[in-house]
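A.B. asks: Take a look at the letters that make up each chain.
Protein chains: 2
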Amino acid sequence: MLLKYQEIAESIENHIRDNALKQGDKLPSLEQLVTEYKVSKSTIRKALELLESKGAVYQLRGSGIFVRSLKRPGYIDLGFSRGFKKDLGEFEMTTEVLAVEVRAASAEVAANLNIETGDAIYYIKRLRFIYGKPLCIEESHYDKSVVPYMNKEIVKDSIFYYLRNGLKLSLGFSDTYFNIGKINEAESKLLKLEVGEPALRLENIFFLATGQAFNYSKTTYNYEESQFFIQATSTD
Amino acid sequence: MLLKYQEIAESIENHIRDNALKQGDKLPSLEQLVTEYKVSKSTIRKALELLESKGAVYQLRGSGIFVRSLKRPGYIDLGFSRGFKKDLGEFEMTTEVLAVEVRAASAEVAANLNIETGDAIYYIKRLRFIYGKPLCIEESHYDKSVVPYMNKEIVKDSIFYYLRNGLKLSLGFSDTYFNIGKINEAESKLLKLEVGEPALRLENIFFLATGQAFNYSKTTYNYEESQFFIQATSTD
Numbered sequence: 001m002l003l004k005y006q007e008i009a010e011s012i013e014n015h016i017r018d019n020a021l022k023q024g025d026k027l028p029s030l031e032q033l034v035t036e037y038k039v040s041k042s043t044i045r046k047a048l049e050l051l052e053s054k055g056a057v058y059q060l061r062g063s064g065i066f067v068r069s070l071k072r073p074g075y076i077d078l079g080f081s082r083g084f085k086k087d088l089g090e091f092e093m094t095t096e097v098l099a100v101e102v103r104a105a106s107a108e109v110a111a112n113l114n115i116e117t118g119d120a121i122y123y124i125k126r127l128r129f130i131y132g133k134p135l136c137i138e139e140s141h142y143d144k145s146v147v148p149y150m151n152k153e154i155v156k157d158s159i160f161y162y163l164r165n166g167l168k169l170s171l172g173f174s175d176t177y178f179n180i181g182k183i184n185e186a187e188s189k190l191l192k193l194e195v196g197e198p199a200l201r202l203e204n205i206f207f208l209a210t211g212q213a214f215n216y217s218k219t220t221y222n223y224e225e226s227q228f229f230i231q232a233t234s235t236d
Numbered sequence: 001m002l003l004k005y006q007e008i009a010e011s012i013e014n015h016i017r018d019n020a021l022k023q024g025d026k027l028p029s030l031e032q033l034v035t036e037y038k039v040s041k042s043t044i045r046k047a048l049e050l051l052e053s054k055g056a057v058y059q060l061r062g063s064g065i066f067v068r069s070l071k072r073p074g075y076i077d078l079g080f081s082r083g084f085k086k087d088l089g090e091f092e093m094t095t096e097v098l099a100v101e102v103r104a105a106s107a108e109v110a111a112n113l114n115i116e117t118g119d120a121i122y123y124i125k126r127l128r129f130i131y132g133k134p135l136c137i138e139e140s141h142y143d144k145s146v147v148p149y150m151n152k153e154i155v156k157d158s159i160f161y162y163l164r165n166g167l168k169l170s171l172g173f174s175d176t177y178f179n180i181g182k183i184n185e186a187e188s189k190l191l192k193l194e195v196g197e198p199a200l201r202l203e204n205i206f207f208l209a210t211g212q213a214f215n216y217s218k219t220t221y222n223y224e225e226s227q228f229f230i231q232a233t234s235t236d
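Chains A and B supply the protein sequences, listed in that same order. At position 120 of the first sequence (counting the first as 1) the number is 120 in the numbering used here, and the numbers step up by one without a gap. At position 114 of the second sequence (counting the first as 1) the number is 114 in the numbering used here, and the numbers step up by one without a gap.
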């Protein structure tokens, strides 16, 4: 269930997409949006702030509201956690589920999920393909006290869709860490790369809106099939 | 010159740092902050929104305002463009300036800066070191119509400091693209890596607050000396 300002934000995003608006294109003014959507100024302001934080628009005091858009399709967004579906929606993606099991949290997993070593977690291992080529190996750890049930059907599709719509969880924010290394023996087999070739290793921690960590993931990308982008909404 | 809400945001950030507050620690309520800073509710709200967009706090309706913080020092922030000074401030960083010259924009540079091929740009090439080890090679292209003057002294220090405080430019937002490849001959010499070793290649486009692109940079990182993080303020 979306709140009113979220609905309006989505409607403005659709307007930008449907009209193929480009970076720098001017949107209707705050006043015009108030008239169009028949809501208060503060609701429109909240919708615009949400769009600004998502890097979809920028506001220039005294001048108006403008479109922000990325020129390059096919890049995976690391700055706004929305899953592959949105970034690579136009590409043919498939998933092979390698493991779905309840485990005891290792010290590393426990530290990242802020739970105790030995606490129950769901361990999910998936291999993702783009046009049939291996894109990444993903190992996810879900705090079982937050996500009490999972199965192969669920993890073959979008886990986040299940969390939102099945478990009615309110997802919050995420931290991403990454570094570059070399492909090891196990990765080499799954990603069809030589040992020693470049590897992008990414770690994600996802938090509920309450600030509680619920998912710690490690993903190794095939450098030949992946490229990434990040939008920053301000400079400091 | 900071606006009042920016000053308050900075003051709250200092409070978090000086008291070494951790993720999940509760901050004073909106009402308490109004009393403390003697400003309107809407000024405090703007300060909190700024901090939220920077990933420094998160707000939970009905519960309060909480600290967001990263556990891992020494990571370069790609989600919020603030330069090495803030991320690696505790490390010993040095810069070798390899080129500062006015050039005609190539087709690639022109496309990214939204100018015409052949327009004048400042081309800056720098090699950055961390504790004396090569960290990255950076090639920057500045639209000369926005940045009419640069020299070796300026680019040896913080260029963004000069843009803000010397040229009084109002910086806006940035787009970052990256992919992983292999070190080439030229990079190998500067970064002291073997040809074929992993390379992180990053492209940045920086925009003024008006939405005009002013800087297009390409940076190749030494994978042995660098690690990165990105904070996402929401999930979609």
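Errors might be hidden in some of the hints.
Unchecked claim - Once the Cα atoms are required to be at most 25 Å apart in a straight line, the calculated SDA-like pairs of lysine to any residue come out as:
id: 1; chain 1: A; residue 1: Lys22; chain 2: B; residue 2: Lys41
id: 2; chain 1: A; residue 1: Lys4; chain 2: B; residue 2: Lys41
id: 3; chain 1: A; residue 1: Lys168; chain 2: A; residue 2: Ala186
Said to hold, decoys possible - Partial list, derived from the structure: chain B residues whose beta carbon lies under 8 Å from chain A:
id: 4; residue: Ser53
id: 5; residue: Ala56
id: 6; residue: Leu78
id: 7; residue: Ala209
Unchecked claim - Chain B residues, not near chain A, derived (Cβ > 10 Å throughout):
id: 8; residue: Gly181
id: 9; residue: Ala186
id: 10; residue: Ile230
Derived by calculation from the structure, the hints in this document are not laboratory data. All values reported here derive from a predicted model rather than from experimental measurement. Glycine is no exception: its CB is placed at the ideal position from the N, C-alpha and C atoms.
A.B. asks: Give a verdict on every hint.
C.D. replies: Going down the list of hints, with the structure as the test:
1. Lys22/A x Lys41/B: Given pair Lys22/A, Lys41/B is violated - Cα atoms ~35 Å apart, limit 25 Å.
2. Lys4/A x Lys41/B: holds, 22 Å
3. Lys168/A x Ala186/A: violated, 36 Å
4. Ser53: holds, 5 Å
5. Ala56: violated, 10 Å
6. Leu78: holds, 5 Å
7. Ala209: Nearest chain A Cβ about 6 Å off; hint holds.
8. Gly181: violated, 7 Å
9. Ala186: holds, 18 Å
10. Ile230: violated, 4 Å
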